[in-house]
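Assemble the whole structure, with the sequences as input and the hints as a guide.
Sequence order for the protein chains is D and G.
So the first sequence is numbered by my numbering: it starts at 1 and just counts up by one.
So the second sequence is numbered by my numbering: it starts at 1 and just counts up by one.
Calculated directly from the structure, the hints in this document are not laboratory data.
Mixed in with the good hints there might be a few duds.
For the chain G half of the interface with chain D, some residues (derived, Cβ under 7 angstroms), not all of them [unchecked claim]:
id, residue
1, His-42
2, Pro-43
3, Phe-45
4, Lys-98
5, Phe-101
6, Thr-103
7, Gly-104
Derived DSSO-like pairs: lysine-lysine, alpha-carbon spacing no greater than 27 angstroms straight-line [to be verified]:
id, chain 1, residue 1, chain 2, residue 2
8, G, Lys-98, G, Lys-57
9, D, Lys-71, D, Lys-44
10, G, Lys-70, G, Lys-36
11, G, Lys-70, G, Lys-56
12, G, Lys-108, D, Lys-44
13, D, Lys-44, D, Lys-27
14, D, Lys-51, G, Lys-98
15, D, Lys-27, G, Lys-36
16, G, Lys-57, G, Lys-70
17, D, Lys-44, G, Lys-70
18, G, Lys-98, D, Lys-44
19, G, Lys-98, G, Lys-36
20, D, Lys-71, G, Lys-98
21, G, Lys-36, G, Lys-59
22, G, Lys-56, G, Lys-98
23, G, Lys-98, D, Lys-62
24, D, Lys-44, G, Lys-36
25, D, Lys-62, D, Lys-51
26, D, Lys-27, G, Lys-98
27, D, Lys-44, G, Lys-51
28, G, Lys-36, G, Lys-108
Predicted model, so just to flag it, every value in this text is computed and none were measured.
Where is the CB? At the ideal position from N, CA and C, for every residue including glycine.
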Amino acid sequence: NAGVMQNPRHLVRRRGQEARLRCSPMKGHSHVYWYRQLPEEGLKFMVYLQKENIIDESGMPKERFSAEFPKEGPSILRIQQVVRGDSAAYFCASSGTEQSTDTQYFGPGTRLTVL
Amino acid sequence: GQQVMQIPQYQHVQEGEDFTTYCNSSTTLSNIQWYKQRPGGHPVFLIQLVKSGEVKKQKRLTFQFGEAKKNSSLHITATQTTDVGTYFCAGITSGTYKYIFGTGTRLKVLA
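Encoded structure:
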């Protein structure tokens with residue numbers, strides 16, 4: 001009965017490198033949400049995906065950031081050419097349906113540090 | 001755009017004292033959820049409120065949803081050191097699926 005899995009838990013990158021964050025939703029869940037949390041701040045919505053579809057990416061920066069949720073495998077949040085300002089905790093959450101009353105279960109997060 | 005604010009931002013209490021955090025939305029919400037995040041941890045779902053004026057209790061925690069569905073509160077009675085963490089509300093408006101998280105209230109409990 002695994003919950004939402006994220007890896008890596010900690011990721012260190014130098015400026016200009018690429019960061020790939022992975023999220024495996026809870027078993028049976030097909031809806032994934034990505035959030036970013038800066039130190040001492042709340043969670044900011046980035047993107048909502050269903051299998052093979054991006055439903056809402058209104059919270060995602062237009063450049064350097066992309067997300068996917070393939071038919072097989074985990075959801076991936078990709079940050080190209082990272083900058084120091086990308087340092088944050090990135091959480092993904094999954095739910096079983098798109099209903100607003102459905103609970104979102106959060107993974108443990110990936111803490112990205114850009115040197 | 002929609003905003004969800006929480007007050008206070010920080011609260012230090014002595015163990016045994018009560019604690020309340022307030023959540024205010026700029027728009028009417030269809031429902032609101034509350035989460036707790038321990039230092040270094042991830043948000044953990046506490047409860048969901050859907051109905052106008054709804055009140056729910058979980059042991060020492062009492063959650064309220066305002067009549068206008070634009071505000072909510074979380075009250076903890078007789079805090080314990082295990083209550084330490086940041087409490088977030090997250091609201092959603094009708095017809096959307098995107099939860100907007102509040103700014104959070106960080107609670108410290110002094111033994």
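Hinted pair, alpha-carbon criterion (27 angstroms max): Lys-98 of chain G, Lys-36 of chain G. Please report holds or violated. holds, 19 angstroms
Decide if the proposed pair is consistent with the structure: Lys-27 of chain D and Lys-36 of chain G, CA atoms, cutoff 27 angstroms inclusive. holds, 23 angstroms
Against the 27 angstroms threshold, does the CA-CA distance of Lys-44 of chain D and Lys-36 of chain G hold or violate the hint? holds, 16 angstroms
Can the restraint linking Lys-44 of chain D and Lys-51 of chain G be considered satisfied, given a maximum Cα separation of 27 angstroms? holds, 25 angstroms
Can the restraint linking Lys-71 of chain D and Lys-44 of chain D be considered satisfied, given a maximum Cα separation of 27 angstroms? holds, 26 angstroms
Tell me if the straight-line CA distance from Lys-70 of chain G to Lys-56 of chain G falls inside 27 angstroms. Cα-Cα ~17 angstroms, so holds.
Against the 27 angstroms threshold, does the CA-CA distance of Lys-36 of chain G and Lys-108 of chain G hold or violate the hint? Cα-Cα ~13 angstroms, so holds.
Hint check: is the beta carbon of His-42 of chain G less than 7 angstroms from a beta carbon of chain D? The hint holds - His-42 of chain G has a Cβ within 7 angstroms of chain D, the shortest such distance being about 5 angstroms.
Using Cβ atoms only, decide whether Phe-101 of chain G comes closer than 7 angstroms to chain D, and label the hint accordingly. holds, 4 angstroms
Can the restraint linking Lys-98 of chain G and Lys-44 of chain D be considered satisfied, given a maximum Cα separation of 27 angstroms? holds, 10 angstroms
Lys-98 of chain G and Lys-57 of chain G were given as a pair; does the straight-line alpha-carbon distance stay at or below 27 angstroms? holds, 26 angstroms
Take a quick look at whether Lys-44 of chain D and Lys-70 of chain G sit within 27 angstroms of each other, Cα to Cα. holds, 20 angstroms
Hint check: no violations occur; every hint is consistent with the structure.
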